[in-house]
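Undergrad: Given next are the chains, with one letter for each unit.
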Amino acid sequence: MNRSTLDFWVGIFVLIGIGAIVFLALRVGNLTSLTTTPSYRVEARFENIGGLKLRAPVKAAGVAVGRVDRITLDPKSYDAVVTMRIDKGYEFTKDTIASILTSGLLGEVYIGLSSGGDPQMLVDGGEIKKTQSAVVLEKLISQFLFDKASAPPEVSK
Amino acid sequence: MPADAIVRSVRQLGAGALNGVARIGFAARFFGALITHSPHAFWRFGLTVREIYFSGVLSLVIIMVSGVFVGMVLALQGFDALSKYGAGDSLGIFVALSLARELGPVVAGLLFASRAGSAITAEIGLMKTTDQLAAMEMMAVDPLARIVAPRFWAGVISMPLLAALFSVMGVFGAYIVGVRLIGADSGTFWGNMRAGIDFWPDVTNGIIKSFVFGIAVSLTAVFEGYTAQPTAEGVATATTRTVVFGSLAILALDFLLTVFMFRGTGVV
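If you read the protein sequences in the order shown, they are chains Y and W. Numbering-wise, my numbering puts 102 at position 112 of the first sequence, and it's gapless, one number per residue. Numbering-wise, my numbering puts 28 at position 23 of the second sequence, and it's gapless, one number per residue.
Since the hints were derived computationally from the structure, they do not count as laboratory data. Keep in mind that the hints are not guaranteed to be accurate.
With the C-beta cut set under 7 Å, the calculated list includes, among others, these residues of chain Y facing chain W [to be verified]:
#1 L(-4)
#2 F3
#3 G7
#4 V18
Listed below are several chain W residues computed to face chain Y (Cβ distance under 10 Å; list not exhaustive) [what the hints assert, rightly or not]:
#5 G37
#6 A38
#7 I57
#8 G61
#9 A101
#10 L104
#11 E107
#12 V112
#13 V173
#14 V176
#15 R199
#16 G201
#17 W205
Using 20 Å as the maximum straight-line C-alpha spacing, the simulated EDC-like pairs for lysine to aspartate or glutamate come out as follows [to be verified]:
#18 Y/K43 - Y/D77
#19 Y/K43 - W/D203
#20 Y/K66 - Y/E117
#21 Y/K49 - W/D203
#22 Y/K43 - W/D207
#23 Y/K120 - Y/E81
Note that CB positions come from ideal geometry on N, CA and C, so glycine has one too.
Model the full assembly from the supplied sequences, consistent with the hints where possible.
TA: Written as C-alpha cells, this is what we have:
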C-alpha cells in the first residue's frame, strides 16, 4: 500500500476516534461541568448533612444553580460546614434558607435554597445562616416509636 | 535421590524467581531506552503512521463490532435487572457509565492486546529470528529507534481512540436494543445519560485508563518481541506471553486506577 492511502486511512481513524471522544463529551456526558462557569462560594453550617456528597447539586425551586464544593467538620462546634459554588448569574438574599433534601424516597441528596425578602444579597465567601438539616429516616422512626411507648395508655371509656 | 529432587526443585524455584526479577529490571531498562529513542518515532512520523495503520485502523472492525454487542447485552441484562426495581429509566446511565468508566477501556484493551499486541510481538520476534535486527545494527541503524519506538507509540496513540470508539458503539448498541427493541423511552435514555454522567471525571477517567493500558500493552508487546528466543518456538511463546501478560497487566492496572479514581468520592 502506498504512502498516501496509508495516511488517508490513518487520518480517518484518528478523526473518528476524536469524533467518538467528542460524542462521549457532548452527547453521553455533559461538558458543562468541565467549562468552569464563573461562580461564587457560599458557606452553610448544618447539624447533620445526612447522605450529602461532594458535587451534589444545589437547587432553587428545582433548578440546579450550583454544586457542593467542599464538606468539612467544624472541630469546635461539630457542625458540618458545606461550601457551595453557585453560578454567577444567580443571586440569593442574605436570609436564604438552605435545606438538605432528597428527591424521592431513594433519590439523590441535594441542597435546596429558598430565598427570603432581605434586600441584601449573598456575596462571595458569605454564609447562609438559616439552615435545615437532613431528615434522617431512622431517627424519625425511632422518635415516633419512643413517643408511642412513653405516651400514657389511652383510657378506655 | 529424594533429597536430590528436593534440592533441584528448590533450585528451580529460586532460579525462576531470580529470572523473573531480572526480567522486570530489564523491562524497566528497556522502557527507559525506548523513551530516549522515542524522538526518532516523531521525527520520522511516517514510520509511526504506518504502525498506527496496522495496529489501529485494522483493529477498527473487531473493536466496533464487539462494542455494539457488548452494549446490546448490557442493555438487555441491565433493563431486566433495573426494571425489577422500577428503575428502567436509568438504563442510559447504567450502560454509558459502565462503558465509559470500565468496559470501554478494559475490553478494548484486551482486544487490542490479542489483536494488535500479538501481531507486534510476532513481527519483532520474527525479525530477530531472521537476523534482521542484527543486520540493522550492522548498518548503524538502531532497531530500537527504527522498529520498536514507532510500534510502541502507535499503540499508545491508537488505544484511547479505540476505547472511545468502543464506548460509543456500545451506547449505540444499547440504544438499538433498549429503545428500538425493548421500548424504553428515547428521551429518558439520552436525558438521564447526560444528566448522570460528567465529562469530568467519568469520561476523562476512562480516557486516562485507556492511555495507561495502551502504554502497558504496547510495552509488553515490543518487549516480548525484542527478547523472544530466536526460534520458531520462541516466537510462539513470546506471542502467547504478550496476550497473557498484557491482559493481566490491564486487569491489574484497571483495579489500581479505579481505586485511585474513586478515592475521595466517598466510595473507598
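Undergrad: Provide an ascending list of the numbers of those earlier hints which the structure does not satisfy.
TA: Checked against the structure, the hints that fail are numbers 5, 6, 11 and 12, while the rest are satisfied.
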